[in-house]
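My request is simple: use the sequences and hints to build the entire structure.
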Amino acid sequence: MENLVMLLTVFVLAVFVGFEVISKVPPTMHTPLMSGSNAISGITILGAVIAAGAAVSTGMRWLGFAAVVLATINVVGGFGVTHRMLGMLRGKGHRPKG
Amino acid sequence: MLNLLYLLAAVAFIFGLKMLSSPRTAVPGNVLAATGMLVAVVATLLAGGVVDLPMVLAGIAAGALVGTLLAVLTPMTAMPEMVALLNGFGGAASALVAAAEMLRVHGVEEESFALVPVIAIAASLLIGAVTFSGSMVAFLRLREWLIGGRATVFAGQHLLNAALFLAALAAAVVFARHPQPGVAVYALVGIALLLGVLLVIPIGGADMPVVICLLNSYSGIAAATTGFVIDNIGLIISGSLVGASGIILTNIMCKAMNRSFTNVLFGGFGATVSGGAGGAVATARPVRSGDAEEAAMILEAARSVVIAPGYGMAVAQAQHAVKELADELEKRGVDVKYAIHPVAGRMPGHMNVLLAEANVPYEQLYEMDQINPSFSETDAVLVIGANDVVNPAAKTDPASPIYGMPVLDVEKARTVMVIKRSLNPGFAGIDNPLYYLPNTMMLFGDAKKMALALAQAVKNL
Chain A
13 MENLVMLLTV
23 FVLAVFVGFE
33 VISKVPPTMH
43 TPLMSGSNAI
53 SGITILGAVI
63 AAGAAVSTGM
73 RWLGFAAVVL
83 ATINVVGGFG
93 VTHRMLGMLR
103 GKGHRPKG
Chain B
0 MLNLLYLLAA
10 VAFIFGLKML
20 SSPRTAVPGN
30 VLAATGMLVA
40 VVATLLAGGV
50 VDLPMVLAGI
60 AAGALVGTLL
70 AVLTPMTAMP
80 EMVALLNGFG
90 GAASALVAAA
100 EMLRVHGVEE
110 ESFALVPVIA
120 IAASLLIGAV
130 TFSGSMVAFL
140 RLREWLIGGR
150 ATVFAGQHLL
160 NAALFLAALA
170 AAVVFARHPQ
180 PGVAVYALVG
190 IALLLGVLLV
200 IPIGGADMPV
210 VICLLNSYSG
220 IAAATTGFVI
230 DNIGLIISGS
240 LVGASGIILT
250 NIMCKAMNRS
260 FTNVLFGGFG
270 ATVSGGAGGA
280 VATARPVRSG
290 DAEEAAMILE
300 AARSVVIAPG
310 YGMAVAQAQH
320 AVKELADELE
330 KRGVDVKYAI
340 HPVAGRMPGH
350 MNVLLAEANV
360 PYEQLYEMDQ
370 INPSFSETDA
380 VLVIGANDVV
390 NPAAKTDPAS
400 PIYGMPVLDV
410 EKARTVMVIK
420 RSLNPGFAGI
430 DNPLYYLPNT
440 MMLFGDAKKM
450 ALALAQAVKN
460 L
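Residue numbers (the working numbering), protein chains in the order written: chain A, 13 to 110; chain B, 0 to 460.
Don't read these hints as lab results, they were simulated from the structure.
A quick note: this is a predicted structure, and the numbers were derived from the prediction, not measured.
Think of the CB as a built atom: it goes at the ideal place given N, C-alpha and C, for glycine as much as any other residue.
This list has only true hints and no planted wrong ones.
What the simulated footprint calls covered on chain B by chain A, stretch by stretch (three residues with Cβ under 8 angstroms from a Cβ of chain A suffice, anywhere in the stretch; the number is not a length): (1) 35-48; (2) 61-72; (3) 86-99; (4) 210-224; (5) 241-250; (6) 357-366.
Shown next as structure tokens:
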């Protein structure tokens, strides 16, 4: 029970931090912010790694494996595409052509 | 020790998100967040709980390969689909982790289910599955592989959704009483998947930015509930951060359309018009159409030109052609600006990203509030692939489904040119009186071809 209260406390405080952190966002940054936060939600990869790595049955192993693959796609794809997008947003003045 | 590293990662995410919301610090912000993720993953791998390391590494390698390919190969025009797809994967992963945990506890005889993890497992399965199927529908619709993008509404839809939600809760209760893999779990997941589909199909194309934000938020909440399932503080902090930031973005989008959150979710926006709410019949009114040469002359003679892009520009991949036209005009001393409506396109900031890809200087992009007062002093406006965001009916016609939505006041300019394939109503299916105004000239054709033709015609003048 105490553990639950602790976890809930962390949850509630983190929600407030989330609200505070991005109160003002210029429209230019909406897309990168979204793909970036999308990548962060891939944090579930930690759970996937734990589940897959400690599997006690075949079923659990496959569920865990699938979770690892999907979560990694989310993380790597999310951060990667954000980086690529930001490169374009930043390279506004000069033109690399091609 | 592990939790300390998770805390470190969480701090990296918080600073990363903060930095991502400003153009100057966004690149290091993203790198910081990614580094935090790397630290958390490596710490988990080394923590000792992972027995079957080769399999986990194989999964990570496979996912990293696919993720990298997606990140490198996806064109900027397809960003909304990409985000929807990744969202769906995140949601599915969270649900799978919860399912695996259920199997683990079930497999260990002496360990009995406590109530909290059971509720968390049910919640995680529900939210994760809704996120997954909802995101897949959004993805398919954005790819236009599914129902063209028009909202699908049928009688009793809200009732059905409510009934399904109650059924999901009932399944969750049955599962909580007999926490083991079985019919209740399958029912829960099945209903959740169906619910995800039904929640997204009534939402019209013009509302896609809101849906994407919302699903983004869901995927964060799914990760947080999974954190409760496996008692992992890293998941709880990061998941709730994303959940909260997704809600903020959703709110920004709703405000930009002057619609409430519930109205977007339950409105069935864009499908209701078939009843004739959009007003007059489209066919009988006169339309002035022109060709590239005529339009080029007007543009070339103008002192100021404002370009108002929309989703059509993305579909036609016309951003480079538009930039070429703008360059030609600027060479001739025309002042070129871009008017960016906050919900133009299919995801927040869509137009900014596309124009940045075409090397349009950041200084030329103007937000709606900045540019609206200056339309009356603008010689020519070129509307490319935008429809609802330039629809004057939003200001004048209380019967219009988009009445009250802030729009770009393009009709105040001396001449308005609209590049459009035909007079068909747009993605949202709403008729646009702008096309029939005396100062409007329709340029019928594909956005990219027409923009190139305009650039060529200006060059030839």
